[in-house]
Amino acid sequence: MRSPARVRAAKWTALVIVVVVAALVPVFETDPATVNIAVFTAMYVGLATAWNIMGGYTGYVSLGHAAFFGFGAYAFGLVLAHLGIQAGYEPFVFVPVAGALTVVLALVIGWIALRTRAATFVIVTIAMMFMIQLLAENLVGLTGGGSGLSFPVPPWSGDFFDTPFYYAMLVMALVSLAISWWIRRSKFGLGLLAIRDDEDKALAVGVPAHAYKLTAFMISAGLVGMIGAIYGYYVTYIYPQYAIDPLVGISLVLMVFLGGLGTLWGPVLGAVILEPAQLWLAYNFGASRLYLVVYAAVFLVVILLLPRGIVPSVGDLVKRLIARRAIGPSGTASTSSDTHTVARVQSP
Amino acid sequence: MSLLEVESLSKRFGGVTAVDGCSLSLQLGSITGLIGPNGSGKTTVFNLITGFIVKDDGDVRFNGRSIAGLGPNRIYGLGIGRTFQLARIFPRLTALENMLVPVRRSGIRALFSRGQWHDEKARAMEMLAAMDIANVAGLLGGSLSYGQRKLLELAAVMMARPQLVLLDEPAGGVNPGLVERIGEHIRDLNQQGVTFLLVEHNMPFVMGLCQQIVVLHRGAVLAQGTPADVRGNPAVLDAYLGS
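Residue numbers (our numbering), protein chains in the order written: chain A, 1 to 348; chain B, 349 to 591.
Mixed in with the good hints, there may be bad ones.
Derived lysine-lysine pairs resembling DSSO-like cross-links, with alpha carbons at most 27 Å apart [unchecked claim]:
(1) K319(A) with K403(B)
(2) K319(A) with K11(A)
(3) K11(A) with K469(B)
Hints were generated in silico from the structure; no laboratory data involved.
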């Protein structure tokens with residue numbers, strides 16, 4: 001039978017296999033074009049997972065996370081220039097500095113934005129993103145404005161160039177996942193889920209909602225900022241409209257919705273499906289931005305057929321099949337086991 | 349000794365004075381009923397005491413300390429729990445998780461402690477068993493019946509061992525058998541030392557359960573005393589039937 005210990009062992013084994021396979025990608029696949037896709041996929045796994053801490057667990061949908069992504073990139077570029085760090089592996093050591101600066105920005109923005117709820121919050125985050133973009137464009141002395149900000153260029157050959165960035169993105173994805181997992185099972189995480197369900201009720205049973213939301217926002221933004229920093233170094237040149245791109249913020253939200261909002265693995269699955277698909281469309285159909293049409297279609301399919309996302313829907317289906325087999329084909333599924341499958345859907 | 353003192357509390361919403369110089373005091377270990385016609389300000393008084401809305405005038409003291417101006421979560425932390433009209437629970441958390449939300453670690457420790465400790469879980473299961481709903485511990489809150497939600501909300505509020513609990517219509521919308529059971533649970537908890545203030549429209553329920561009744565009318569206290577006193581008061585009959 002499915003004892004908890006065996007299920008846990010199976011989960012850990014699956015996790016180890018996934019990590020090992022992910023770590024071996026650049027070893028077996030040396031075509032830079034493919035590794036490039038892997039870099040961006042790992043990047044979106046991290047971004048979607050980090051966004052999910054705020055949007056999924058806490059229920060506050062931010063469409064402005066691109067601001068933290070771009071801010072992290074700019075902060076990183078400026079830190080490297082200011083400290084005179086040479087290109088190579090050394091800059092990666094300073095990624096957490098960009099994360100810390102992004103956390104400070106998130107503290108300021110969250111302090112104000114989190115006084116609003118629901119749709120108002122969504123709009124405030126969009127407005128905040130465009131404000132940051134405008135600042136990046138207009139603070140020419142600091143950011144270089146429209147002519148962009150350059151990073152030191154690593155002295156690696158074309159064949160090898162993507163590999164260090166792939167591992168950096170993979171580490172960030174794993175760190176985001178570990179933090180997301182940790183939060184999900186902590187008292188703090190339980191408080192976030194309570195806020196998502198009913199914020200006033202959460203306050204009434206002692207959850208310090210404002211502090212919790214702000215903390216989740218800062219953790220989420222800090223991770224996104226660090227990923228943005230690595231992105232900036234990877235592309236070596238950033239411009240306000242590409243570093244702070246509304247489409248980045250919307251893509252990662254779509255990935256989370258596709259995979260399963262508020263689940264641990266949903267964002268991973270969504271990113272692994274959508275990002276390679278988007279890049280494939282971009283490479284094959286040029287800069288036509290056909291992928292935007294595909295994104296719209298995916299969004300419609302998710303809303304119509306999988307409103308809860310893949311992970312909860314498929315998990316539910318599998319458990320229902322197991323329950324049916326246990327009862328036998330002739331018997332109707334008992335209500336208790338049916339409701340029980342519903343009950344466990346939320347846990348990752 | 350009085351546990352809670354409400355002193356000439358007032359709250360206006362635009363031109364409407366919802367609570368108008370309301371004063372009442374709750375004795376430690378008592379069960380007090382707050383009654384009054386619809387719109388007399390009962391729920392507003394609850395929201396003022398529990399910090400959901402900010403008073404315009406007056407004061408609320410709990411254990412001799414002013415709590416007016418504190419947020420709801422702080423007030424819960426000081427030992428005042430509440431339930432809501434129409435039983436509010438967390439629909440996408442299991443019943444057991446609903447029980448564990450109120451048990452908190454303060455500050456940064458919340459980040460580093462697990463959501464479900466063994467001893468907390470055991471206590472939660474005990475509470476659920478006491479309410480006869482231990483069998484639904486693993487179900488999502490949203491899949492419970494209304495009566496189960498009422499019991500779960502009451503059980504969850506008790507998890508942090510509050511000294512005072514405010515119940516907003518504990519008998520509202522449930523069948524007579526369950527009304528009786530809820531009354532017994534309140535009496536049991538009261539025996540264990542919990543003080544209650546409850547808003548209720550079910551008169552036999554209130555009169556049978558409470559030692560003290562406070563009648564609210566147009567935001568002010570119209571009468572207070574034992575159930576017998578209040579029942580015989582002509583002003584109370586007037587307020588209810590209209591004159």
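Comparing the hints with the structure gives:
1. K319(A) with K403(B): Not OK: K319(A) and K403(B) at ~51 Å, beyond 27 Å, violated.
2. K319(A) with K11(A): Holds, at about 16 Å.
3. K11(A) with K469(B): OK: K11(A) and K469(B) at ~24 Å, within 27 Å.
Of the numbered hints stated above, the single one contradicted by the structure is hint 1.
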